[in-house]
Amino acid sequence: MHDFSYYIQLLLAGITVGSLYALIAIGYTMVYGILRLINFAHGDIFMAAGFFMIFISSTTSIYVSLPIVLILTVILGVAVERVAYRPLREAPRMSVMISAIGVSYLLQNFATYYTGGLARPYPVIPFLTREVTIGSMTVKALTIITPVLTVILVVALVLLINRTKIGMAMRAVAKDQNTARLMGIKINNVISITFVIGSFLAAVGSILYFSNYEQVTPTAGAMPGLKAFVAAVFGGIGSIPGAVLGAYVIGIVETFIKANSDYAIFSNAFTFALLIVILVFRPHGLFGEKLAEKV
Amino acid sequence: MSNTVLRMEDVTMQFGGVVAVNNLSLEVNEGEIVALIGPNGAGKTTAFNCITGVYEPTNGQIFYRGEVLVANHPQGKMKKLYAGENAGKYTKVVRRAPDEITRMGIARTFQNIRLFSSLTALENVLIAQHLHIKSNLFGATLLSQLSFVKTRARQEEEHMYQRARELLAEVGLEKYENEVSGSLPYGIQRRLEIARALATNPSLLLLDEPAAGMNPQETRALTEFIVEIKDRYKLSVFMIEHHMDLVMSISDRIYVLDFGKLIAHGNREEVQNNQRVIDAYLGVAEDA
Amino acid sequence: MKQKRYLLYSLLLAALILAALIAIDNSSLKSSMLSTILQKGAIYALLAVSMNLLNGFTGLFSLGQAGFMLLGAYTYAILTIPVEARRAVYQYFDGGLVQFSVPVLVGIIAAGLVAAIFAFLIGLPVLRLKSDYLAIATLGFAEIIRALIQWNTLGPITNGSNILRKFPTYSSLLFPFAVSAVCIGLIVLLIRSSYGRAFKAIREDEIAAEAMGINLAKHKMMAFCTSSFFAGVGGAMLAMFQQSVQAKYFTSAMTYEILLIVVIGGIGSVTGSIISSFLFVACSEWWLRFLDAEHYIGKFKVPLLRSGFRMVVFSIVIMVIVLFYRRGIMGTNEFSWRAIEKFFKDPFGRKAREEERKKVTTSHE
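Residue numbers (this note's numbering), protein chains in the order written: chain G, 43 to 337; chain E, 656 to 943; chain B, -13 to 351.
Treat the hints as calculated values from the structure; they're not laboratory data. These figures come from a predicted structure and were not determined experimentally. Hints should not be assumed to be uniformly reliable.
To be verified - In silico SDA-like cross-links for lysine to any residue, where the CA-CA straight-line distance does not exceed 20 Å:
id	chain 1	residue 1	chain 2	residue 2
1	E	Lys732	G	His326
2	G	Lys217	G	Asn231
3	E	Lys916	E	Asn695
4	B	Lys116	G	Asn230
5	B	Lys116	G	Leu79
6	G	Lys300	B	Lys234
7	E	Lys889	E	Glu685
8	B	Lys234	G	Ala264
9	B	Lys204	E	Leu786
10	E	Lys732	E	Val673
11	B	Lys234	G	Thr259
12	B	Lys204	E	Gly671
13	B	Lys152	B	Ala71
14	G	Lys217	E	Gly671
15	E	Lys789	B	Arg178
16	B	Lys116	G	Ile318
17	B	Lys204	E	Lys732
18	B	Lys152	B	Val92
19	B	Lys204	B	Asp191
20	G	Lys182	G	Ala55
21	B	Lys116	E	Ala752
22	G	Lys300	G	Ser47
23	B	Lys204	E	Arg750
24	G	Lys300	B	Asp191
25	B	Lys116	E	Val709
26	G	Lys207	G	Val197
27	B	Lys116	G	Val319
28	G	Lys182	G	Tyr49
29	E	Lys885	E	Val689
30	B	Lys234	G	Thr154
31	B	Lys116	G	Ile113
32	B	Lys234	G	Val197
33	E	Lys732	E	Val749
34	G	Lys228	G	Asn204
35	B	Lys234	G	Phe312
36	G	Lys217	G	Asn230
37	G	Lys207	G	Asn230
38	B	Lys(-10)	E	Ser802
Given only the sequences and the hints, what does the whole structure look like? Please build it.
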């Protein structure tokens, strides 16, 4: 058996991964709450942010690149909404989902084309990758910063949703779009803001994620995206605390599974098994609400 | 004469804290046309939904031709919330899915038309005959389309088409056979929905506001139509309706619902002159 | 009369296609790009139609296709690898557990059956979920199946994450066409039967369908298992076409491609799925290939054209169709000789409009 510090390291790694999933999961859960749309392209926006960083940091310094990457990712997210989802707002749900799949397909193919398909190395961000010593363990600063930053951002977001006017507008639109519109709420703005927040968090997540994994490929967003979505479903789609909780559960369990080489291949499958279990026994997730249809 | 076709006993439907139908008891006898009237929101459609299995009543029993169709009593969370009466009376629990209830002989139409809108009128009526099919998936797939071999599957298919066309002709819709049902005029759609319900070969027909949106002329035609099909297909009819001329001209008996509770019951004279009904719903004719 | 005439047309068309295929088969075009496109097109046509049966006709948004294709491909391969070759293929697993092999047709049918059985088991919990959740649940199951097949412990059966090869494949172009034609024919017969109508009812309005006596669970399961059966058969064909199978390639991207084919062709149109499959394969493998190579006009290098551009253009075209031509090529229409005859008699609808105008003006008198 391994000693205690091994398990602590694993746990820390799990928390880090969980935090990253949380940042992505929030984007999914917010968009689903408002549009009832599974934004399949969200994981690819996360991947695009990674590439933005690579290309921009080759021309300017890291510290200038960071805010630029955040802004570009947000622009991309909002653009996707405008071009691919807004025109289909009155269309049946399947159409919008297919559109999301199409966007995902396009983003991945474009990334493959632009980069030639090979993995590109992620630039080193000193204050994230330098090593820190805690007690007997040495970890990257990243491992500490990630969960802390995530918690700060989540708390800020929850405060925004619950204490501000715009947050109330978002909750109203999520509950009942038509009535919200009748009350004078500008739906398009609320939706755009949702995508801004989601994309911003995905961009932050991508900076932390790729600093850890050190390289970006065009398909790098697919799996994390899918897992983050499962986290959102697990926690109750539309519930931010739920998505975060789900993300940590998945991140930690997955890390422990991966550490055991016999079952490593199942690390992804675990996530899906969790999804099935939740969908079968409690489809509205841990904190979600049941919806009924009028006959 | 009375063979009781449908009997509701103490049926209560509660959603959370809201009691939509409150201890409703009523009967429909063989060959009758019974109306259920009352203001909007009184619980009429909810009562229908309990009969057809869309909702599971919170309490009470429903009998169809003497057999228990549906039965329930407050359970779990509902035990504390239950606001109706006779909570302990019914111990049996019988659940049935809507398709099973239809197969037993109860058919319905919907308040907001629920046709298969991108399918043709003929297809709508064909689908409603599927429940009686005897061929299985393989038989129907492999054999029902072959016109040159008279297998049982083929005969069933041809019979379904024949019956569908007959029904459409009965309701006067034969020329709309290949029209997409969602694009048909409103009054035609309502008639089509009734034809579709008839295709399931019911003995009890539940009509939810069949005359909704119709002008007086159409309503008169519908009135005659209902009596005709009742006689021709040996049906009992239970109908929710707001058009009082329709209700008063053909109903044998009328039940009046208000806020989920039964406030009156009887034939048309009794109901028209009932003060509670007048206050809650009918009003009085203005004197000149 | 009309029916006989149309039957004649259909037979003629079938004969023509058959002749063309035989000609290609026996000529130098046999190993050409055209032949590849035709084979892959036929296989994808079956996959698209089977997915359309479930998603388009029954309205069940399932994203598990790749999983069932994978099951079919592996079942076929595992059962048909000749016994002598097993030692080499299953080199890390002592020749593997399965030490017999079955004829090709048995393998194909087994492929479909295994897929259908898994569909049944998966369908039990999953089919009652709402559409978006059904999509993700089926996607999840496909991923779980993919992981399971690559699991080393099951290696003696599946060869783990190693490639499966040396199984029998077909020699003539006619084979995939024949198998696809038969399968698609069966699906069309199903759609036109009473059960097919029941599926459409479920797509249109579940509550009304139930009220008309249709048992939702039973019929959804029928649609799911049937669709998966044919996905399994398609998977087996794909294995034969590629002459090797490896689980890691059967990702959700494969499901998305088939879904996009279905959408382009028209959700709810079998003809559309067939046409769209051939177009899709032709475009992605062949016609747009030039976009991937560097081209020069004189000394001027045309910008943008390099490897990968083809897929980008392709993805954009798909987005355009999804956004502006949602009904796809065929909408919900099917191929009909009547429509073709009408077209030839009156190509621009001019005569029909004249008739309408005459009717209106005379009725006013």
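Hint by hint, here is what the structure shows:
The straight-line distance between the Cα atoms of Lys732/E and His326/G is roughly 19 Å, inside the 20 Å bound, and the hint therefore holds. Restraint check for Lys217/G and Asn231/G: the C-alpha separation of about 16 Å stays at or below 20 Å, so the hint holds. Distance restraint check for Lys916/E and Asn695/E: the Cα-Cα separation of roughly 13 Å lies within the 20 Å cut-off, and the hinted pair is therefore satisfied. Of the pairs offered as hints, the one joining Lys116/B and Asn230/G is violated, with about 26 Å between alpha carbons and a cut-off of 20 Å exceeded.
With a C-alpha separation of about 13 Å, the suggested pairing of Lys116/B with Leu79/G holds against the 20 Å cut-off. Straight-line distance between C-alpha atoms of Lys300/G and Lys234/B comes to about 18 Å, which keeps the hinted pair within the 20 Å bound. Between Lys889/E and Glu685/E, the direct Cα distance comes to roughly 9 Å. Compliance with the 20 Å bound is thereby established for this hinted pair. Taking the CA atoms of Lys234/B and Ala264/G, the gap is near 14 Å; set against the 20 Å cutoff, the hint holds.
Between Lys204/B and Leu786/E the alpha-carbon distance is near 12 Å, which keeps this suggested pair within the 20 Å criterion. Note on Lys732/E and Val673/E: the hinted pairing holds, with a Cα-Cα distance of about 14 Å set against a maximum of 20 Å. At most 20 Å may separate the alpha-carbon atoms for a hinted pair to count; Lys234/B and Thr259/G meet this at roughly 17 Å. Pair hint Lys204/B plus Gly671/E does not hold up; C-alpha atoms about 31 Å apart against a cutoff of 20 Å.
For the hint linking Lys152/B to Ala71/B, the alpha-carbon distance of about 7 Å falls within 20 Å, and the restraint holds. Between Lys217/G and Gly671/E the alpha-carbon distance is near 19 Å, which keeps this suggested pair within the 20 Å criterion. With a C-alpha separation of about 17 Å, the suggested pairing of Lys789/E with Arg178/B holds against the 20 Å cut-off. Proximity of Lys116/B to Ile318/G is assessed by CA-CA distance (about 13 Å); at most 20 Å being required, the pair is judged to hold.
With a C-alpha separation of about 31 Å, the suggested pairing of Lys204/B with Lys732/E is violated against the 20 Å cut-off. A threshold of 20 Å between alpha carbons decides the hint, and for Lys152/B with Val92/B the separation of about 17 Å falls inside it, so the pair holds. A hinted pair counts as satisfied when its Cα atoms are at most 20 Å apart, and Lys204/B with Asp191/B qualifies at roughly 16 Å. Only pairs whose Cα atoms come within 20 Å are accepted, and Lys182/G paired with Ala55/G is accepted, the gap being roughly 10 Å.
Restraint check for Lys116/B and Ala752/E: satisfied, since their Cα atoms lie roughly 18 Å apart, inside the 20 Å limit. Distance check on the hinted pair: Lys300/G and Ser47/G sit about 17 Å apart at the alpha-carbon level, within 20 Å; holds. For the suggested pair Lys204/B and Arg750/E, the alpha carbons sit about 17 Å apart, so the restraint of at most 20 Å is met. For the hint linking Lys300/G to Asp191/B, the alpha-carbon distance of about 45 Å lies beyond 20 Å, and the restraint is violated.
Under the criterion of a C-alpha separation no larger than 20 Å, the hint pairing Lys116/B with Val709/E is consistent with the structure, at around 17 Å. Restraint check: the Cα-Cα separation between Lys207/G and Val197/G comes to about 17 Å, which is no more than 20 Å; the hinted pair holds. Proximity of Lys116/B to Val319/G is assessed by CA-CA distance (about 15 Å); at most 20 Å being required, the pair is judged to hold. Between Lys182/G and Tyr49/G the alpha-carbon distance is near 17 Å, which keeps this suggested pair within the 20 Å criterion.
Simply put, Lys885/E and Val689/E have alpha-carbon atoms about 12 Å apart, close enough for the 20 Å limit, and the pair holds. Among the hinted pairs, Lys234/B with Thr154/G is consistent with the structure: their alpha-carbon atoms are about 19 Å apart, no more than 20 Å. For the proposed pair Lys116/B and Ile113/G, the alpha carbon gap of about 36 Å is over 20 Å, so the pair is violated. With a CA separation close to 39 Å, the supplied pair Lys234/B and Val197/G exceeds the 20 Å bound.
Taken as a hint, the Lys732/E and Val749/E pair is honoured in the structure, with Cα atoms around 19 Å apart against an allowance of 20 Å. A threshold of 20 Å between alpha carbons decides the hint, and for Lys228/G with Asn204/G the separation of about 18 Å falls inside it, so the pair holds. Distance check on the hinted pair: Lys234/B and Phe312/G sit about 17 Å apart at the alpha-carbon level, within 20 Å; holds. Restraint check for Lys217/G and Asn230/G: the C-alpha separation of about 15 Å stays at or below 20 Å, so the hint holds.
Between Lys207/G and Asn230/G the alpha-carbon distance is near 16 Å, which keeps this suggested pair within the 20 Å criterion. Between the alpha carbons of Lys(-10)/B and Ser802/E the distance comes to roughly 13 Å, so the proposed pair stays at or under 20 Å and holds.
The earlier numbered hints that this structure contradicts are 4, 12, 17, 24, 31, 32.
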